[in-house]
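Visitor: Chains as they are written, first to last, in my numbering: chain A, 1 to 264; chain B, 1001 to 1264; chain C, 2001 to 2181; chain D, 3001 to 3181; chain E, 4001 to 4080; chain F, 5001 to 5080; chain G, 6001 to 6369; chain H, 7001 to 7369.
Read the hints as simulated data drawn from the structure, not as lab findings.
Misleading hints may appear alongside valid ones.
Stated by the list, open to error - Each computed DSSO-like pair below joins lysine-lysine, with the alpha-carbon atoms no more than 27 Å apart:
1. E:K4073 with B:K1019
2. A:K198 with A:K55
3. A:K19 with A:K55
4. A:K14 with A:K198
5. H:K7041 with C:K2159
6. D:K3113 with D:K3159
7. B:K1019 with B:K1198
8. B:K1198 with E:K4004
9. F:K5004 with F:K5073
10. B:K1261 with B:K1055
11. G:K6041 with D:K3159
12. B:K1019 with B:K1055
13. D:K3157 with G:K6213
14. A:K14 with A:K261
15. G:K6298 with G:K6213
16. B:K1201 with B:K1055
17. A:K14 with F:K5073
18. G:K6226 with G:K6213
19. H:K7159 with H:K7226
20. B:K1201 with B:K1261
21. B:K1198 with B:K1055
22. B:K1261 with E:K4073
23. B:K1261 with B:K1014
24. C:K2113 with C:K2148
25. A:K19 with F:K5004
26. A:K261 with A:K201
27. A:K201 with A:K55
28. C:K2157 with H:K7041
29. B:K1014 with E:K4073
30. A:K19 with A:K201
31. B:K1261 with E:K4004
32. F:K5073 with A:K19
33. A:K198 with A:K19
For reference, the chains in residue letters:
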Amino acid sequence: MTVAAPPKTKHNLKLIYQKPESLTDSPTHYCPGCTHGVAHRLVAEVLDEMGLREKAIGIAPVGCAVLAYEYFNIDGVEAAHGRAPAMATGIKRVLPDRVVFTYQGDGDLASIGMAEILHAAGRGERITVIFINNAIYGMTGGQMAPTTLPEQVTTSSPRGRDVATQGFPIRMSEILAQMDGAAYVVRRSLHDPNNIRKAKKAIRLAFEAQVRGLGFAMVELLSTCPTNWGMTPIEAMNWVRDHMVPAFPLGDYKVAPELQKLRV
Amino acid sequence: MTVAAPPKTKHNLKLIYQKPESLTDSPTHYCPGCTHGVAHRLVAEVLDEMGLREKAIGIAPVGCAVLAYEYFNIDGVEAAHGRAPAMATGIKRVLPDRVVFTYQGDGDLASIGMAEILHAAGRGERITVIFINNAIYGMTGGQMAPTTLPEQVTTSSPRGRDVATQGFPIRMSEILAQMDGAAYVVRRSLHDPNNIRKAKKAIRLAFEAQVRGLGFAMVELLSTCPTNWGMTPIEAMNWVRDHMVPAFPLGDYKVAPELQKLRV
Amino acid sequence: MQTEILIAGFGGQGVLFAGQVLAYAAMDAGYEVTWFPSYGPEMRGGTANCTVIIADEEIGSPLVAHPKVLMALNAPSLDRFEPQVQPEGLIVANASLLSRPVERQDVTAITLKANHIAEELGDRRMANMVMLGALSTHLPVLTLEQIKAALRDHLPKRKHHLLEANYRALDTGAARARIVA
Amino acid sequence: MQTEILIAGFGGQGVLFAGQVLAYAAMDAGYEVTWFPSYGPEMRGGTANCTVIIADEEIGSPLVAHPKVLMALNAPSLDRFEPQVQPEGLIVANASLLSRPVERQDVTAITLKANHIAEELGDRRMANMVMLGALSTHLPVLTLEQIKAALRDHLPKRKHHLLEANYRALDTGAARARIVA
Amino acid sequence: MAAKGWVEIDETLCKGCELCVNYCPVGVLAMDTERLTPQGYHPAALVEDACTGCNICAVVCPEAAITVYRAVKPRVRATA
Amino acid sequence: MAAKGWVEIDETLCKGCELCVNYCPVGVLAMDTERLTPQGYHPAALVEDACTGCNICAVVCPEAAITVYRAVKPRVRATA
Amino acid sequence: MPRELMKGNVAMAEAAIRAGLEAYFGYPITPQSELLEHMAKRMPEEGRAFLQAESEVAAINMVYGAACTGARVMTSTSGPGISLMAEGISYIAGTEVPAVIVDVMRGGPGLGNIAPSQGDYRQVIHGAGHGDFFPIVLAPASVQEAVDLIGEAFDIAEKYRTVVFVVADGSIGQMMEPVELPEPRPLRRERPDWAVSGAAGRPHRTLTSLYLKPEVEERINLRILKRWQEAEANEVRYREYYLDDAEFVVLGFGTAGRVALSAVRAAREEGIRVGLFRPVSLRPFPYQAIRDLAQRAKAFLVVEMNGGQMLEDVQAAAQGQVPMRFYGRMGGMVPFPDEVLEEIRTLAADPPTPTENPRARWLAHMMPA
Amino acid sequence: MPRELMKGNVAMAEAAIRAGLEAYFGYPITPQSELLEHMAKRMPEEGRAFLQAESEVAAINMVYGAACTGARVMTSTSGPGISLMAEGISYIAGTEVPAVIVDVMRGGPGLGNIAPSQGDYRQVIHGAGHGDFFPIVLAPASVQEAVDLIGEAFDIAEKYRTVVFVVADGSIGQMMEPVELPEPRPLRRERPDWAVSGAAGRPHRTLTSLYLKPEVEERINLRILKRWQEAEANEVRYREYYLDDAEFVVLGFGTAGRVALSAVRAAREEGIRVGLFRPVSLRPFPYQAIRDLAQRAKAFLVVEMNGGQMLEDVQAAAQGQVPMRFYGRMGGMVPFPDEVLEEIRTLAADPPTPTENPRARWLAHMMPA
Ligand SMILES: Cc1ncc(C[n+]2csc(CCOP(=O)(O)OP(=O)(O)O)c2C)c(N)n1
Ligand SMILES: Cc1ncc(C[n+]2csc(CCOP(=O)(O)OP(=O)(O)O)c2C)c(N)n1
Ligand code: SF4
Ligand code: SF4
Ligand code: SF4
Ligand code: SF4
Ligand code: SF4
Ligand code: SF4
Ligand SMILES: [Mg+2]
Ligand SMILES: [Mg+2]
């Protein structure tokens, strides 16, 4: 294969993009094409841009992102499954001037961690939540998640999710928007560059909400799991677009007035 | 005191109301004027009217209603704090033709039991939930509940609930109405005879929903706790009307189409 | 040397508070003391009682099967605890709510109509203090003055306007205490 | 009498399945057998290996420090496990992915370019069967025929169209196995 | 019997909460401050002869302590 | 140098997911099927000289493996 | 029945189904998930209840509910899930309803890892929940034994109206072995006379663990203890290997016991008179059998995949009658037979003194200063 | 400091505040709630963090989070809450961060009741969470001792980077006694070098209990065990009463120990040479001291407010060196001194045989057939 020749000199080349400082150098353990990596990158870019790297404390979930604390170049802790919002609360209450965020999957946040996320929102806990909705339990081998679509085949819904016995997909943004303590609750998707850019803006606002002390902030990100969906990364991106976005409408579910004015 | 004379004979008197069969003869342990008793009575009346007494299995919560299984003349079990919906699920899944209901307080359902109630609703579990919202932890001596009003003084919010640190009241009906599995979610109040009558109709519909297999059904009942509020029973009724109803609007949050047509 | 006082009545009769007053007085007098409530089930109503033990060395059990002193504010309490009082012990009973006299012959028994006296004095909630006053007349370890001082020193400031009424109830109780056996 | 076979490679190379085929063959032949995977961390990628123990009495440990047989499907596996094979043991290595020969002199070593052979045969996923075929030539407890029969009897019906290709891979592997040490 | 209705209050159940008294639209109920129930409460009692049998007291009673009767007009047999 | 942009792909990070290749609007990226990264993947590579520096590949790369440069026009000093 | 090659997790699931399981509630966790997945596939096929709960907390309370109807019901999980089930387990025990729980143990504490471990021993045996009760705990060492014990677990749970644990270290869950599955038992149709089912034509029934009056709670506690005493008398299970003439005894359960078996055989070949004692019921613990061995053995070696949790019980059983060594691997490490063989050799060559502290000596060996 | 008459729960809360508590997270439960309520009042006054969590699960995970910042943090609960905290406790232990937990024990299992009990002994000591770790457990027998132990608990937790329990039976929480409170300690301002706080001017730090590689997890496990060994060497606490010339020894902790003290005094008056051994640290357990006593006593009597949970440890310690009786009350019953006195009399008049099973004999006595 012929690779394009490098530029003769670099001095008339402007650096447009490079790996953010808020990520470490470690390669991740994510499967090729998994958008967990995209979400990490966006969070890191926002921390860099807002100058929060040295103030941030990140909380990794139990889920594929369990080692997130090794990839973020910030202080980090590992939560018990679903309890990241409670752990974040504990940290934020003793270090109110730090920037505390959780990074959680759909099993973590919407299944076992349902009570903790709702109460953190109800309390208006000044934390930021990055919620990766990939409609599956990635880490444990592809079991059904609360966000699994009707009829979707998983290892624990081998005949497809039967809503009559296994229930309906749970839409967390809609639920959390009901909480008075929530300042910012939106859903975005990572299925193409354009949506990724929008997701980044949302993440920015979710950290702005915290820095400004407005309350609880969450960005739900529709994300891929090529491995457990049995797809190539590109097929997975398209599956998000074609199947997940219709079931989980993108949009702003709650935006505090102070944030509506902000341009980021 | 002169008590009105009894009627000469009773044979031209028609029995209009008597204690329902679905209640046992035991006196309750509730404080005088506590509307837990009203809620019990309404549930029992509905069971009687629908002929469900011998099919019903009730699940008592951890809360003042902990002994509910002694007052209902039906089969009953005692759940762990907040877990009644899970226990109900276990029962209903093995006995799908029985009528299973939980009876839960606001601490039980909206605090520790948040995940279980939301997931039961999400699964469209065919159970009926009677939710007693009295804005306080009655049984343990009057601590703050998730539904405690802003500024309300409790033993764990001695300076009044401070929403900045202790969060906002949580409105469960609004949240649960978001769940696709929910067939019937309404809020009623027990603060006067008229509202009590409306509450009974709602309870009836909540059991109809189960009998018809439509999905999850919940009636939220605004209720009094004269003891921990430090009021007389009548003051407490008025406090519900004047303070709770404005904060927890009465209404139908979700009614399955099949139920809308029903006249009860 | 150890004195055990069991105070029993309905919830709402000020049983626990009466015990606390004794406990404060004992502490201020330099004794070891424990106050032990029978905290009821997590729900309302029913009876309430507490045990106060006053001693001059490290106190062992905070509960005893056979207290030296019983202060019974209502009938069920007398029924339940009268048989348990030590021989040579003391029973102070609230005749306002009794349907029968103290039956034990081997104890000192004092009865007085504490509710009636309290109502006379203008505050029915003072029945517990009336009883305490009566108790003080035969309690070996503490004097009426010590009990009054404890009230003064430990009643929260915002309740100090009630001090006088309490003193009066104590005094009246002490004055009207009648040994019946 | 007990034979331990350690099969190791990348995830995705069919390591676990190759072990299972051996286990089935052993079971059908009436042996006691255990198949033990090194199930990796709850996440993707990395290496995979499994140990198959075939014996004629109740099997003790499902793992051994020093297996009699190593089937190494890639370079890291050979590097890691070669030193552990028992003296007089057997190493079957996939030369397609090796950068060096087997170094041990005290074992029987068989190498073959399993990936290349599989690609030749038209299905790169058959490398594991090619390796198994090679292994069968020097495995004391099981014959190639028994392995084939196990495949036939235990491959789920919906995969039976693959049987022929598997047989061919096994045969070719057996044919091309070359003892190198 | 002048009244259209009649109520019986079960004193083993009544806790003297006064809710029935408060909500009775015709004011025929009152607390019997002279009597004590076995549970130690002053029970409610029907004190006037003007009960309408409207059932409101029973609807509000937390203890299901009230039984309500209503007078029925002697049935006039329809002559077909 | 003809192109307006330039990308560098860090092969210790690239996992060969092909997302960048798929989304590059001018199609200048391709998988290098001849090379294997230390993690055992075929990496992406810039194979044509027409990169616009649009940054889309970097936006989509899950591994933050791509560094993007853009050519800057030699600045013409404004004569005030 | 013909032998089938099955993964431990799958075999346990299938064995439960054949034992007449009516409902399964669980939550995914490695290294147990295949058990849940097999249930997801098979239970609906059989027209029985399968539900992936929202959490282990919910799962155990679903089990609790179903158990109250007298149905055969089970759940399965691993370490963190066992912790989350503690409250529900205590309620089940306090309500005296039967339930079966499978713990496929992994490395801990905390999130730990998913490698095989025996680190939940103490928790399952002593601390499965608050308050006074004793679960029955069975520990298989092979897939076949796991299948057999699952079947028995239901009968035992019902006999003593209690919680029965089957604790399989991760290896038992993950490995494949040939097994003979039992014939499917028909579903029981009659319900026990304590079960709730709707008060049709009989007085209403209640099931609770709440006894507000201490006198009453005490009676219930004593009744539970009494049943436990019966279980202690009837349900002790263990396996002995080469003990007849043994001077030295290795003790280990589950996979550690199997590994020890290999080592014992190797040591026998070297002429060391050593045998193996493998507890199968961890509760009731085979105190008496071990005490008897202690009288006649020269020394014990306890082998575990934890920091010496069963060791404490062996010490309690032996009552200082025999000197003892300990060898453990922790955190998901599985000992190799060679390591245990080496320990046996040392034991024989340089027997422990009666006062030597087995854990301290081992720890000094594992973590030289 | 002058003595104040305080309820145990309130005194423990105030003692923690004076020990420099920075954050309290808890959930109401009887008989512990006054502790939480005192925190609700006082912590905001001091400008420190108080939060009523949505559950015990959330509370312990808030504690976990705060502990990771190096703050002094605690929670308090009772039986069911301890069960719900099990997972979080295991994570805290696995992450090696310090935290203090108060368990005001009530009757169990299940919902049980709220009367005083010692039924959580086994759970707290052996089963506070999954995986290999040992919490340190302190058991006060008076309000003053509770105050003192709370203060020490924080120091010990930090010294060994572990979980320290203070287990007070319901009676200690509910009773009032005069106490001398310590002077308030200033809040610590420096943070330990393992704490997370934002990676300002230093490499980023992480705190976790996840160690995917078993080799690494094993090293952590061993490190935890090593610290525990140090605690075992340094932190044993007990109180002895009238033991110098004692032929008979009563053993009991907490309220059971106090009750026994009254009985021992009464028995002494009757001329029985009996003394009391009251363990204060339940873990590390005073094995050696008890073993020494076993050598010289004629018989032991273990008294508990449970079904003989500490009894098992006393038996393990005594190693069959002394015959033993047991007397327990369960389900929220508190024994009266008279009952224990009667047991002492029997012990002296009709000493147990070496082989008699203390629990079986007691059970037969409590539940005659
Ligand atoms: C208490 C507990 N239960 C279960 C598990 C096993 N577990 C690990 S990750 C996970 C679910 C992960 O799914 P999700 O949160 O959607 O994250 P993803 O892997 O999809 O990113 C589960 C159930 C655990 N570690 N702890
Ligand atoms: C796990 C657990 N935590 C706490 C408690 C203590 N507790 C008993 S009832 C109750 C709250 C009751 O409040 P609510 O549900 O509102 O019912 P109410 O008494 O007001 O009717 C609590 C916290 C418990 N029994 N179990
Ligand atoms: S399993 Fe799925 S979610 Fe997890 S890293 Fe792989 S692709 Fe991503
Ligand atoms: S405490 Fe409140 S809720 Fe409970 S019975 Fe009394 S009044 Fe009702
Ligand atoms: S029935 Fe109506 S009128 Fe009669 S007492 Fe009751 S409320 Fe009053
Ligand atoms: S409402 Fe019922 S309980 Fe209350 S006073 Fe009337 S009869 Fe009695
Ligand atoms: S910067 Fe744009 S044009 Fe250049 S390689 Fe990336 S996507 Fe293609
Ligand atoms: S998107 Fe990134 S990881 Fe994927 S192929 Fe391109 S450079 Fe490699
Ligand atoms: Mg997911
Ligand atoms: Mg409430």
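Visitor: Against this structure, judge whether each hint is valid.
Guide: Hints, verified against the model:
1. Proposed proximity of K4073 of chain E and K1019 of chain B is supported: the alpha carbons are some 24 Å apart, at most 27 Å.
2. For the given pair, K198 of chain A sits about 25 Å from K55 of chain A by alpha-carbon distance, which is consistent with the 27 Å threshold.
3. Note on K19 of chain A and K55 of chain A: the hinted pairing holds, with a Cα-Cα distance of about 19 Å set against a maximum of 27 Å.
4. Of the pairs offered as hints, the one joining K14 of chain A and K198 of chain A holds, with about 24 Å between alpha carbons and a cut-off of 27 Å not exceeded.
5. A hinted pair counts as satisfied when its Cα atoms are at most 27 Å apart, and K7041 of chain H with K2159 of chain C qualifies at roughly 20 Å.
6. Distance check on the hinted pair: K3113 of chain D and K3159 of chain D sit about 25 Å apart at the alpha-carbon level, within 27 Å; holds.
7. Proximity of K1019 of chain B to K1198 of chain B is assessed by CA-CA distance (about 19 Å); at most 27 Å being required, the pair is judged to hold.
8. Between K1198 of chain B and K4004 of chain E, the direct Cα distance comes to roughly 25 Å. Compliance with the 27 Å bound is thereby established for this hinted pair.
9. As the CA atoms of K5004 of chain F and K5073 of chain F are separated by approximately 10 Å, the hinted pair is consistent with the 27 Å bound.
10. For the hint linking K1261 of chain B to K1055 of chain B, the alpha-carbon distance of about 25 Å falls within 27 Å, and the restraint holds.
11. For the suggested pair K6041 of chain G and K3159 of chain D, the alpha carbons sit about 20 Å apart, so the restraint of at most 27 Å is met.
12. The hinted pair formed by K1019 of chain B and K1055 of chain B meets the criterion: a straight-line CA distance of about 19 Å does not exceed 27 Å.
13. At roughly 63 Å between alpha-carbon atoms, K3157 of chain D and K6213 of chain G are farther apart than 27 Å, so this suggested pair is violated.
14. Of the pairs offered as hints, the one joining K14 of chain A and K261 of chain A is violated, with about 32 Å between alpha carbons and a cut-off of 27 Å exceeded.
15. For the suggested pair K6298 of chain G and K6213 of chain G, the alpha carbons sit about 52 Å apart, so the restraint of at most 27 Å is broken.
16. Proposed proximity of K1201 of chain B and K1055 of chain B is supported: the alpha carbons are some 20 Å apart, at most 27 Å.
17. Only pairs whose Cα atoms come within 27 Å are accepted, and K14 of chain A paired with K5073 of chain F is accepted, the gap being roughly 10 Å.
18. Only pairs whose Cα atoms come within 27 Å are accepted, and K6226 of chain G paired with K6213 of chain G is accepted, the gap being roughly 20 Å.
19. Between K7159 of chain H and K7226 of chain H the alpha-carbon distance is near 13 Å, which keeps this suggested pair within the 27 Å criterion.
20. Straight-line distance between C-alpha atoms of K1201 of chain B and K1261 of chain B comes to about 14 Å, which keeps the hinted pair within the 27 Å bound.
21. With a CA separation close to 25 Å, the supplied pair K1198 of chain B and K1055 of chain B stays within the 27 Å bound.
22. Of the supplied pair hints, the one linking K1261 of chain B and K4073 of chain E is violated, its CA atoms being roughly 35 Å apart against a limit of 27 Å.
23. For the hint pairing K1261 of chain B with K1014 of chain B, the CA-to-CA distance comes to about 32 Å; that exceeds 27 Å, so the pair is violated.
24. Distance hint between K2113 of chain C and K2148 of chain C is fulfilled; the C-alpha atoms sit about 21 Å from each other, no more than 27 Å.
25. Proposed proximity of K19 of chain A and K5004 of chain F is supported: the alpha carbons are some 21 Å apart, at most 27 Å.
26. Between the alpha carbons of K261 of chain A and K201 of chain A the distance comes to roughly 14 Å, so the proposed pair stays at or under 27 Å and holds.
27. The suggested pairing of K201 of chain A with K55 of chain A holds, with an alpha-carbon distance near 20 Å, which does not exceed 27 Å.
28. Annotation: proposed proximity of K2157 of chain C to K7041 of chain H holds, straight-line Cα distance about 18 Å (limit 27 Å).
29. Taken as a hint, the K1014 of chain B and K4073 of chain E pair is honoured in the structure, with Cα atoms around 10 Å apart against an allowance of 27 Å.
30. Taking the CA atoms of K19 of chain A and K201 of chain A, the gap is near 18 Å; set against the 27 Å cutoff, the hint holds.
31. Of the supplied pair hints, the one linking K1261 of chain B and K4004 of chain E is violated, its CA atoms being roughly 36 Å apart against a limit of 27 Å.
32. Among the hinted pairs, K5073 of chain F with K19 of chain A is consistent with the structure: their alpha-carbon atoms are about 25 Å apart, no more than 27 Å.
33. For the hint pairing K198 of chain A with K19 of chain A, the CA-to-CA distance comes to about 19 Å; that is within 27 Å, so the pair holds.
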